[in-house]
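**Student:** Could you build all of it, start to finish, from the sequences and the hints given here?
Residue numbering for the sequence shown follows this note's numbering, starting at 1 and increasing by one per position.
These aren't lab readings, by the way, just hints derived from the structure by calculation.
In this text, all values refer to a predicted model and were calculated from it rather than measured experimentally.
Take these hints with a grain of salt, some might be off.
Pair by pair, the computed Cβ-Cβ distance ranges are [claimed, not checked]:
#1 Arg188 x Ser310: 21 to 29 Å
#2 Glu16 x Ala222: 23 to 31 Å
#3 Glu62 x Tyr359: 54 to 62 Å
#4 Gln13 x Pro377: 47 to 55 Å
#5 Asp20 x Arg202: 48 to 56 Å
#6 Ser291 x Phe18: 40 to 48 Å
#7 Gly285 x Phe18: 32 to 40 Å
#8 Ala139 x Arg384: 45 to 53 Å
#9 Asp272 x Asp220: 28 to 36 Å
#10 Ala14 x Ser310: 39 to 47 Å
#11 Lys402 x Ala139: 55 to 63 Å
#12 Thr249 x Arg188: 13 to 21 Å
Subject to a maximum C-alpha distance of 20 Å in a straight line, what follows is the list of computed PhoX-like cross-link-like pairs (lysine-lysine) [as the list claims (entries may be wrong)]:
#13 Lys402 x Lys415
#14 Lys402 x Lys378
#15 Lys415 x Lys378
Even for Gly, the Cβ is constructed at its ideal location relative to N, Cα and C.
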Amino acid sequence: MDAPVAYLAELVQAAERFADAERVRLWIDRDLQLPAAAWLARACPRHVPLEVAGPFAWQYREVLQHLSVFQRAAFVDAPPLRWQLAGDVHGATRARLVWIPESQGLRFGEAQAPASDAEAAPVARHPALGTSTPEAVRAFTDEARWAGHVSLDSLLRPDALVESGCEVAIVGFCAFSEGDVVDPWGARIPRASLVQGARGFRAAGGRIVAEWWVGAPGIDAAALEATFNALDGEPLFDHVSGVRPFHWTRMSLPGGVPRLWQDVNVGAPPEDRDLARSLPFEHAGSIPSSSVPQVLAGLASRLLARAPLSPGRVAAACLPDATAPVSEDGGPRGIVLDADCALVQLPAGLDGAARASWYAANLRTGGVLAMDARLAPKLAGLTRPGEVAQVLGAVPEAQRGKLVETLVARSVLTKVNG
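**Tutor:** Rendered as structure tokens:
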């Protein structure tokens, strides 16, 4: 947590208000927010009471409160924040949808006993939704329409989804297998029943977005290929937004949903990982963990050929320029950095070489490409369309066309007209 933090200017701006505050409360949803939270905790004046709240902070408070930056803080079990989404959300046109995050573990169905191998989550006064009812969800959203994560088997209860105010349901799946769909907790749900439930939800105006979890126990390359081909059958999902690595989480899912994976050897996290959220596991029929990133990139590229994917992280942010005018002949005249790509300079190469190296990383496709150190800085700032000849002036004219085609194919650049 002593590493440089992102968005430093914004953190400094926030900290300027601390001196006059009655108290400062830091909200931590995920481990990725720890560096920024630690920076803000250090910036909080000693005379201002400091509180730390949020699902991640409460879950790991026994570890966090021993860190020097949080030792004077009070850890608070506070009501969850209510996030709102504005604009178009996977085809939903209503503005200001309430967002239900994955950490809520929302599921419509009967509560079940937690798996014996899972750690119990700390008891909270404001527990996650977990296995819930439409009435409880409406209370959480304050009767607003919502979009967010629900369990796959919630599609079997379309009436509950509709009654709760759901407009966009985001579900996870691992594979299509022998007429069933395997969810991230190992449950096998009849596909025909899911399709029937999905029809009912769509008839009421709902949309279903899916995330493909890759690397689950017993799901090998052949099963993934069969699943990809099965996506062309009767549509269960309106959109597959992307792929994500499967993790064996330490904590049980809210609502006590058990893991149903069989013959899995679950290990312990490294001793120096006090905040580990997942555990290593082994299964004879699984994809080796070292191969998962490559498999993810391959599936993402194939899915991208069918429809746009949703990046899972922020690569870079900039204000889009006005749409470039179209030339009379309609041909491309300029290039711009792909909206989901960022060029970064690392202190060492990914191959282990001890030299500064440039890479282009596209979070939509998962692709990573080593870049020439002379060219990369020029492309890194190409957030507005530029003339090919001007941007690539250092490249021999005879090679520019081929270079542009290569970088466009690798989702580093996008052609523009004008």
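**Student:** 13 to 21 Å was suggested as the range; check whether the CB atoms of threonine 249 and arginine 188 agree with it.
**Tutor:** holds (20 Å)
**Student:** Within 21 to 29 Å or not, the Cβ separation of arginine 188 and serine 310?
**Tutor:** holds (27 Å)
**Student:** Do aspartate 20 and arginine 202 keep their Cβ atoms within the hinted range of 48 to 56 Å?
**Tutor:** holds (51 Å)
**Student:** Between lysine 415 and lysine 378, does the CA-CA distance stay at or below 20 Å?
**Tutor:** holds (16 Å)
**Student:** If I claimed the Cβ atoms of glycine 285 and phenylalanine 18 lie 32 to 40 Å apart, would that claim hold in this structure?
**Tutor:** Check failed, 53 Å falls outside 32 to 40 Å.
**Student:** Taking the Cβ atom of aspartate 272 and the Cβ atom of aspartate 220, is their distance within the range 28 to 36 Å?
**Tutor:** holds (32 Å)
**Student:** Honestly, do alanine 139 and arginine 384 meet the 45 to 53 Å range at C-beta?
**Tutor:** holds (46 Å)
**Student:** That 39 to 47 Å hint for alanine 14 and serine 310 (C-beta), does it hold up?
**Tutor:** For serine 310 against alanine 14, whose Cβ atoms are near 28 Å apart, the range 39 to 47 Å is violated.
**Student:** Could you tell me whether the CB distance from serine 291 to phenylalanine 18 stays inside 40 to 48 Å?
**Tutor:** Holds - the Cβ-Cβ distance for serine 291 and phenylalanine 18, about 47 Å, lies within 40 to 48 Å.
**Student:** With respect to the beta-carbon atoms only, verify the hint that glutamate 62 and tyrosine 359 lie 54 to 62 Å apart.
**Tutor:** violated (38 Å)
**Student:** Mind checking the hinted window 23 to 31 Å against the Cβ distance between glutamate 16 and alanine 222?
**Tutor:** Since glutamate 16 and alanine 222 have Cβ atoms about 57 Å apart, the given range 23 to 31 Å is violated.
**Student:** Are the Cα positions of lysine 402 and lysine 378 separated by 20 Å at most?
**Tutor:** Judged against 20 Å, a Cα distance of about 18 Å means the pair holds.
Checked against the numbered hints listed earlier, the structure breaks hints 2, 3, 4, 7, 10; every other hint is satisfied.
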